[in-house]
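S.K.: Residue strings, one per chain:
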Amino acid sequence: MPQNVEKVLDHENLFREPEYKAMFDNKRSQFEFRVPAEELAKQIEYAKTWEYREKNFAREALTVNPAKACQPLGAVFAAVGFEKTLPFVHGSQGCVAYYRSHFSRHFKEPTSCVSSSMTEDAAVFGGLNNMIDGLANTFNLYKPEMIAVSTTCMAEVIGDDLDAFIKTSKQKGSIPAEFDVPFAHTPAFVGSHITGYDNALQGIIKYFWDGKAGQGTALTRIPNESINFIGGFDGFVCGNLPEIRRMLDLMGVEHTILCDPSDVWNTPTDGEFRMYDGGTTKAQVEAAINAKATISFQGYSTEKTMKLIKEHGHETASFHHPMGVTGTDAFLMKVSELTGKPIPKELELERGRLVDAIADSQAHLHGKKFALYGDPDLMLGMTAFLLELGAEPVHVLSTNGDKEWADKVQALLDASPFGKNCKAYPKADLWHMRSLLFTEKVDFLIGNTYGKYLERDCGTPLIRLGFPIFDRHHHHRFPIWGYQGALRVLTMLLDEYFEALDANTIGIGTTDYSYDIIR
Amino acid sequence: MSLTVEENKALIEEVLKAYPEKTAKKRAKHLGTFEDGKPDCGVKSNIKSLPGVMTIRGCAYAGSKGVVWGPIKDMIHISHGPVGCGQYSWASRRNYYIGETGIDTFGTMQFTSDFQEKDIVFGGDKKLEKIIDEIQELFPLNKGITVQSECPIGLIGDDIEAVSKKKAKEYEGKTIVPVRCEGFRGVSQSLGHHIANDAVRDWVFDKVDPNKNVFESSPYDVAIIGDYNIGGDAWSSRILLEEMGLRVIAQWSGDGTIAELENTPKAKLNVLHCYRSMNYISRHMEEKYGIPWVEYNFFGPTMIEKSLREIASHFDDTIKANAEVVIAKYRKLIDETIAKYKPRLQGKKVMLFVGGLRPRHVIGAYEDLGMEVVGTGYEFGHNDDYQRTTHYVKDGTLIYDDVTGYEFEKFVEKVQPDLVGSGIKEKYVFQKMGVPFRQMHSWDYSGPYHGYDGFAIFARDMDMAINSPVWGLAKAPWKKAA
Numbered sequence: 001m002p003q004n005v006e007k008v009l010d011h012e013n014l015f016r017e018p019e020y021k022a023m024f025d026n027k028r029s030q031f032e033f034r035v036p037a038e039e040l041a042k043q044i045e046y047a048k049t050w051e052y053r054e055k056n057f058a059r060e061a062l063t064v065n066p067a068k069a070c071q072p073l074g075a076v077f078a079a080v081g082f083e084k085t086l087p088f089v090h091g092s093q094g095c096v097a098y099y100r101s102h103f104s105r106h107f108k109e110p111t112s113c114v115s116s117s118m119t120e121d122a123a124v125f126g127g128l129n130n131m132i133d134g135l136a137n138t139f140n141l142y143k144p145e146m147i148a149v150s151t152t153c154m155a156e157v158i159g160d161d162l163d164a165f166i167k168t169s170k171q172k173g174s175i176p177a178e179f180d181v182p183f184a185h186t187p188a189f190v191g192s193h194i195t196g197y198d199n200a201l202q203g204i205i206k207y208f209w210d211g212k213a214g215q216g217t218a219l220t221r222i223p224n225e226s227i228n229f230i231g232g233f234d235g236f237v238c239g240n241l242p243e244i245r246r247m248l249d250l251m252g253v254e255h256t257i258l259c260d261p262s263d264v265w266n267t268p269t270d271g272e273f274r275m276y277d278g279g280t281t282k283a284q285v286e287a288a289i290n291a292k293a294t295i296s297f298q299g300y301s302t303e304k305t306m307k308l309i310k311e312h313g314h315e316t317a318s319f320h321h322p323m324g325v326t327g328t329d330a331f332l333m334k335v336s337e338l339t340g341k342p343i344p345k346e347l348e349l350e351r352g353r354l355v356d357a358i359a360d361s362q363a364h365l366h367g368k369k370f371a372l373y374g375d376p377d378l379m380l381g382m383t384a385f386l387l388e389l390g391a392e393p394v395h396v397l398s399t400n401g402d403k404e405w406a407d408k409v410q411a412l413l414d415a416s417p418f419g420k421n422c423k424a425y426p427k428a429d430l431w432h433m434r435s436l437l438f439t440e441k442v443d444f445l446i447g448n449t450y451g452k453y454l455e456r457d458c459g460t461p462l463i464r465l466g467f468p469i470f471d472r473h474h475h476h477r478f479p480i481w482g483y484q485g486a487l488r489v490l491t492m493l494l495d496e497y498f499e500a501l502d503a504n505t506i507g508i509g510t511t512d513y514s515y516d517i518i519r
Numbered sequence: 001m002s003l004t005v006e007e008n009k010a011l012i013e014e015v016l017k018a019y020p021e022k023t024a025k026k027r028a029k030h031l032g033t034f035e036d037g038k039p040d041c042g043v044k045s046n047i048k049s050l051p052g053v054m055t056i057r058g059c060a061y062a063g064s065k066g067v068v069w070g071p072i073k074d075m076i077h078i079s080h081g082p083v084g085c086g087q088y089s090w091a092s093r094r095n096y097y098i099g100e101t102g103i104d105t106f107g108t109m110q111f112t113s114d115f116q117e118k119d120i121v122f123g124g125d126k127k128l129e130k131i132i133d134e135i136q137e138l139f140p141l142n143k144g145i146t147v148q149s150e151c152p153i154g155l156i157g158d159d160i161e162a163v164s165k166k167k168a169k170e171y172e173g174k175t176i177v178p179v180r181c182e183g184f185r186g187v188s189q190s191l192g193h194h195i196a197n198d199a200v201r202d203w204v205f206d207k208v209d210p211n212k213n214v215f216e217s218s219p220y221d222v223a224i225i226g227d228y229n230i231g232g233d234a235w236s237s238r239i240l241l242e243e244m245g246l247r248v249i250a251q252w253s254g255d256g257t258i259a260e261l262e263n264t265p266k267a268k269l270n271v272l273h274c275y276r277s278m279n280y281i282s283r284h285m286e287e288k289y290g291i292p293w294v295e296y297n298f299f300g301p302t303m304i305e306k307s308l309r310e311i312a313s314h315f316d317d318t319i320k321a322n323a324e325v326v327i328a329k330y331r332k333l334i335d336e337t338i339a340k341y342k343p344r345l346q347g348k349k350v351m352l353f354v355g356g357l358r359p360r361h362v363i364g365a366y367e368d369l370g371m372e373v374v375g376t377g378y379e380f381g382h383n384d385d386y387q388r389t390t391h392y393v394k395d396g397t398l399i400y401d402d403v404t405g406y407e408f409e410k411f412v413e414k415v416q417p418d419l420v421g422s423g424i425k426e427k428y429v430f431q432k433m434g435v436p437f438r439q440m441h442s443w444d445y446s447g448p449y450h451g452y453d454g455f456a457i458f459a460r461d462m463d464m465a466i467n468s469p470v471w472g473l474a475k476a477p478w479k480k481a482a
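Chains A and B, in that order, give the protein sequences.
1 is the number of the first residue of the first sequence in the working numbering; add one for each residue after it.
1 is the number of the first residue of the second sequence in the working numbering; add one for each residue after it.
It should be emphasised that the hints constitute simulated quantities derived from the structure, not laboratory data.
There's no promise every hint is true.
[Claimed, not checked] Below are the PhoX-like pairs computed for lysine-lysine, each with C-alpha atoms no more than 20 Å apart in a straight line:
no., chain 1, residue 1, chain 2, residue 2
1, A, Lys7, B, Lys340
2, A, Lys7, B, Lys329
3, B, Lys332, A, Lys7
4, B, Lys118, A, Lys403
5, B, Lys130, A, Lys55
6, A, Lys172, B, Lys22
7, B, Lys17, A, Lys143
8, A, Lys55, A, Lys42
9, B, Lys414, B, Lys349
10, A, Lys170, B, Lys22
11, B, Lys9, B, Lys22
12, A, Lys427, A, Lys55
13, A, Lys143, A, Lys84
[Said to hold, decoys possible] Output of the computed footprint for chain A on chain B, the stretches with three or more beta carbons under 8 Å from beta carbons of chain A:
no., region
14, 37-50
15, 152-158
16, 226-238
17, 400-408
18, 440-449
Every value quoted in this text rests on a predicted model; they were computed, and no experiment measured them.
Backbone N, C-alpha and C fix where the C-beta goes; we use that ideal spot for every residue, glycine too.
Extracted from the complex, chain A is given alone in its bound form (with noise of 0.2 Å):
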């Protein structure tokens, strides 16, 4: 009998004793008519070939295991980050549920959102029901002082209007006509999660700007010296933007963060769930029409709502997720140039010692190989911050980057002299990428959690950068944005660098000599 209450057994050493080994092999033999050993050890083989990879990126309709999700999950990740403001998603509740459960299990947090639950009748006939029912339920429930109501592929397939369901919903009294709903179509078979966050965000920013759908003033502009920052879709966002406000702090920058939901999802244990915390105020939102200027840290997350935000006459500057010296030297240099403030000491300070720790580590670091995967920016901030270490970014992959994506990384490629035989993928998914790990070698993969079956299979140690990140506690909590960002991202590739050449020369009395008491 294996279980043992002294020293329970988990289900990963249980399943190892003898007793359920027998179980499993018997089950396979006499039921499962698996795949005769032989043709199996054969496949195995196949499917690390070239040709095979070949084959499998000569595929043009089915995806297998994408680095990407659907628009609305962006749309709530939008909407989380104002004050008090409740997601509101018009369709099948299932997908509320889904996005729930995929923040919750990022976050380690709780994330409220609502669906408008649309069933068949709904399908028939309209969900305008559903929002009349739900936007009463929703208001008189959880008390929000705004719903950002967003759409799933179901109502998008049918057609639903928003803009009329919701003025609709005013005129039959289920809230009150002044209570602010912004709201965005974001049809989940057009673009991923980033484009959802754009178009929530924008949805958000035009409502308010634009005189509220029609049932208020357009604002007027009267420019200011402060500056908007909008940080795009971030699984990291808990440490990323307190980052960036430290650092414009130091800066003396007056700013504004547009959505930020890194209290909401980060709150305390303390005997009290709240359902809301911190995030955008609406008089923030409102103001923010005034700034100077406003910088996109994540250009590919934020191409509606910086072109909207031009048109309102700001200065704008997107970036691709700016990581390491020169891309946080970028970001530093631009918010100087636009506020006439000009760059601190301390962060001098910062940016000297993180050269400095550069300069300690960089030889362990200096052609190594990494492949790559994860959002268009993300992939473009990284790629510059391993050339800037002396790495190889040999497999830049993406599912929701396009041509125009990998031109940008190509060329930040071929710029380089360690971006030499590296390459960027476009609209490739993580079954792609299993053929160039087994095809062209790299030391080190460089992904979200999803990537560890790509370690199993390839053998290619993974380094969680992305989102989501479910099987590592607490990462999101801290930067990688800004100079002590990049200090941590280079301690976690070091990490990862040491632990696998610790574990290649543990071998007692064959292979120790190397596993050095000083690295």
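Starting from the structure of chain A, add chain B where the hints point.
M.R.: Chain B alone, transformed into the frame defined by chain A:
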């Protein structure tokens, strides 16, 4: 102690005050108290969730792809439609299996048709055909394909049945199963289970080649139905059935294969754990093949013993005697487990809100540890679930069907349980409130909880949740004094 019937009533009334009148009236029917002697729990169920209330429920796709079909390991399950549904349900249900993932098994992979606008406008049937071709090219060892419909499929009028038939023919009788589990169908996951069960009936059973995958039958052949092998549950159950001399010919569907599904009509008895999600196919096999089925409960020693004897009663004296041998064999483990954990858990109050069978099935396991379940409810239960629940709950238990976020929070605030058992969406809400919590869908990444081996883990987990030092830290000492 649970609250009294009157206290529950007052609590429910208080909670309902927050709703608009129309909604309060509807929600009132889903909230109640179990009273001894009543045939059900006094609540309505399996009714549409109200918009905007923050229901915990999912959809039909979740019930089919996520629950019933997804765990069949040697088939490829295409999430047909936009990318999200497959992405959010990718490997999150912990349906353990053994196999070479990506080569001969595919359980923790996400196959999607990643619908784009043009697929919505022009239809996705052509794309689906191409996807099946590409699957055959890249994953030739797959034993079958299912098409798990997402919302748009039914709305744009795609004919996935025609595509499946055409491709099945083209690939020499390959099993290709179209499943109409669009998320807007029905009121919860539940209809998805039913649709998935029907798809097994129509597209697997009715097309079985009797000369394929043949084995010699024995008088002791049983099939485990409705165990999804979460954290290895089906394994820690199977081992007990085998120890008592039964031969498990199929697992539905955790760690299951298409061959096991196809051969299940050869079983002498179907043993059914999750009644909610697989009673349909069990009834069908009873009607069509004359296979009796029996419900069982492998949570906690009291219910395990009862179930082992109940299952054995369908067989000869050898099996009956073996059941006693198995029960005796594990007695020491169980006595030690209870001796260790009961003193630490005695009298602790639990509130549950879970899915298919657990709102009732786990109650016995808690009681074995001296704990008391004072509130329970189903995400997607039907009236027959609430009837079955009466055999488990005590007089005065608070019952909440399809509970809303608001209600659950208020109930827990008032009842002050020592432990809440529910899902990932609820977990952090209650932990913030300082209430210990265990996820009772995923076993909070632990498990198995089924069987005797699982009970030791269950007991340890409940103890570590409730008796963690962290809960004593939630209030700052300078605030405690105030």
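S.K.: Just pull the numbers of the violated hints for me, sorted ascending.
M.R.: none
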